Amino acid sequence: MSKFAVLIQVNLKTILRDRILHAILGAVVVGLLLVPAISSFSMRQVQELAISLALSGISFFLLVMAILLGSSSIWRDVEQRHTTSVLTLPLSRTTYVLAKFAAIAIFLLGTGILLGICSIPLISVAAASYPSDQPILWGNLVVALCGDIAKSMLIAAMALLLSSISTSFYLPFFGSVVLYLCGSASQEVYEYVTGEFVRAMHPLVIVIIKSVYCLLPNLAAFNYKVQAVYALPIPFEQIAWSVGYGTLYVAMILVLAVLTFNRRVLG
Amino acid sequence: MNPILIERISKSYKGKKGQRIQALSELTLEVKPGEILGVLGPNGAGKSTTIKILTGQIPPDSGTVEILGAMAGSMQARSAFGYLPENPAFYDFLTPREYLHLVGAAFAMSVDRIKSESDRVLALLDLQTDSDRPLRGFSKGMVQRLGLAQALLHDPDLFIWDEPMSGLDPMGRALVKGLMLELKRRGKTIFFSTHVTADVEAVCDRVAVIVGGRLQALNDVQEILADGIEGYQVQILNPSAELAARFSASEDNGVMTELYVSREALPGFLDLASRGGEDIRLIEPRRRNLEQFFLDIVSRNQR
Ligand SMILES: Nc1ncnc2c1ncn2[C@@H]1O[C@H](COP(=O)(O)OP(=O)(O)O)[C@@H](O)[C@H]1O
Ligand SMILES: [Mg+2]
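Sequence lines, in order, name chains C and F.
Residue numbering for the first sequence follows the numbering used here, beginning at 1 and increasing consecutively.
Residue numbering for the second sequence follows the numbering used here, beginning at 1 and increasing consecutively.
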């Protein structure tokens with residue numbers, strides 16, 4: 001097996017053998033099991049609520065895992081001096097950083113798919129209890145789930161970048177939370193400043209806001225929840241845009257993480 | 001080609017309040033193929049700093065280091081040695097076997113070879129019974145032995161070990177000393193650091209004494225031990241009155257007399273003894289040991 005594959009394997013073992021993860025995963029599964037019961041409280045939109053709750057639950061879990069795993073990765077290896085033994089082997093730092101990300105990404109993909117599969121019967125049960133006017137477009141649900149997985153991977157990449165320069169938990173953790181919040185709001189802010197009624201704003205301010213918008217992740221690009229819940233059509237171009245944007249953004253962040261970590265003096 | 005070539009390396013660290021701590025000053029050292037060279041120095045002498053530079057973990061401020069002709073820290077250099085860090089720390093959720101798998105993969109060993117070599121080094125360091133248990137529950141000595149095992153896994157020609165005996169019990173120390181001599185017999189080169197003179201005496205061909213970041217002495221261990229002869233303990237059966245008068249007896253049980261003869265006085269003593277037909281039963285050198293040699297250098301530098 002290649003060095004890269006073995007490092008991914010080792011990192012996945014770290015993630016999977018963590019007790020905290022088991023607890024969080026248990027809580028999410030219990031939460032998902034409650035979805036049919038909770039949605040039945042909504043008299044009219046049981047199906048819509050079930051889909052929405054299941055997707056939000058999975059999305060929240062992936063987000064929490066992305067932030068926790070990303071922000072506890074590289075700096076911790078440095079602090080606990082694991083890097084002393086691992087990075088003096090003939091392994092490049094580039095391989096090391098990319099394997100860290102790959103392991104987290106594989107974990108997010110795997111648990112995302114697993115929880116997605118778990119929620120199929122739960123959504124079906126809820127929908128059957130009070131038939132809706134709308135069909136369930138399972139394809140849309142899959143797209144929405146993939147969007148959430150992609151979003152969590154992007155957040156994980158940012159947390160990893162911050163943890164590659166940090167010497168403690170604080171910067172990567174709070175940094176990625178703040179970036180997540182900004183990234184979630186950036187689309188609205190952008191639409192606001194490009195809208196009709198802010199003509200009065202100084203053009204320079206608008207330029208600054210627009211460039212910050214370009215740098216911040218636009219997490220709205222991965223949001224397909226409305227289409228999943230209300231069975232609305234999803235144009236192919238939109239999916240293509242999400243995939244292209246996500247890939248490019250994550251690649252850029254990883255390049256930055258590799259560059260900064262290669263420059264970092266350890267020991 | 002020399003396994004290690006260190007040329008005039010210096011290194012300083014940032015200390016408190018912007019002060020600089022000079023950890024190494026103009027260190028020059030050459031390790032020859034097949035030798036065991038011990039770096040001996042008190043705590044804070046710069047031993048670990050030297051080893052971190054050799055293994056490419058930190059760059060020197062100035063000077064150069066070559067590992068088998070390759071620049072320190074390069075992939076080629078890192079492939080050439082087996083490294084044991086000071087107080088090593090490994091991923092503690094892994095088992096020794098899993099960790100060795102990572103190490104073997106890093107050295108591009110085949111899965112089969114990793115398996116057989118893992119068996120070999122785990123047996124060598126007496127870790128077989130713990131080989132599938134997570135490292136989390138390991139004692140310091142067990143982790144140290146895994147550190148040695150992973151340094152041996154790819155069977156390189158050069159070993160760089162930082163305080164290999166630290167944290168080991170007497171049996172472990174004996175094991176490691178035996179291991180070092182066995183590696184030397186197989187033609188391997190070992191560069192290791194220690195603050196214990198007995199370790200140097202037991203295994204080293206040469207010793208480099210570092211104090212305050214400077215090389216203070218570089219000697220052949222056997223020569224130090226030979227140079228350290230200060231005098232001789234002599235046992236004589238019924239010495240003549242003349243001999244007893246010139247060399248004071250340290251012990252006399254009526255039959256056997258024990259004399260102390262200084263190094264300078266030995267020729268005169270032998271001359272007199274042979275003329276008098278003395279019955280010499282034993283001549284034993286009295287050495288100033290390596291520890292004294294080391295302490296002298298350290299105290300000279302602290303003055
Ligand atoms: N990362 C560091 N930051 C500041 N000072 C350091 C650092 N590492 C080592 N030192 C200092 O450099 C000197 C040499 O340290 P070291 O090489 O670890 O000594 P040894 O291994 O011989 O005990 C000591 O004074 C130590 O305090
Ligand atoms: Mg040290």
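To be clear, the hints were calculated from the coordinates, so they are not data collected in a lab.
Incorrect hints may have been included.
DSS-like, lysine-lysine: derived pairs with alpha carbons at most 27 Å apart [what the hints assert, rightly or not]:
1. F/K14 - F/K32
2. F/K177 - F/K140
3. C/K13 - F/K140
4. C/K3 - F/K115
Note that this is a predicted model, so its numbers are computed, not measured.
Do the hints match the structure? See the list:
Of the supplied pair hints, the one linking F/K14 and F/K32 is violated, its CA atoms being roughly 33 Å apart against a limit of 27 Å. Proximity of F/K177 to F/K140 is assessed by CA-CA distance (about 18 Å); at most 27 Å being required, the pair is judged to hold. Proximity of C/K13 to F/K140 is assessed by CA-CA distance (about 23 Å); at most 27 Å being required, the pair is judged to hold. At roughly 16 Å between alpha-carbon atoms, C/K3 and F/K115 fall within 27 Å of each other, so this suggested pair holds.
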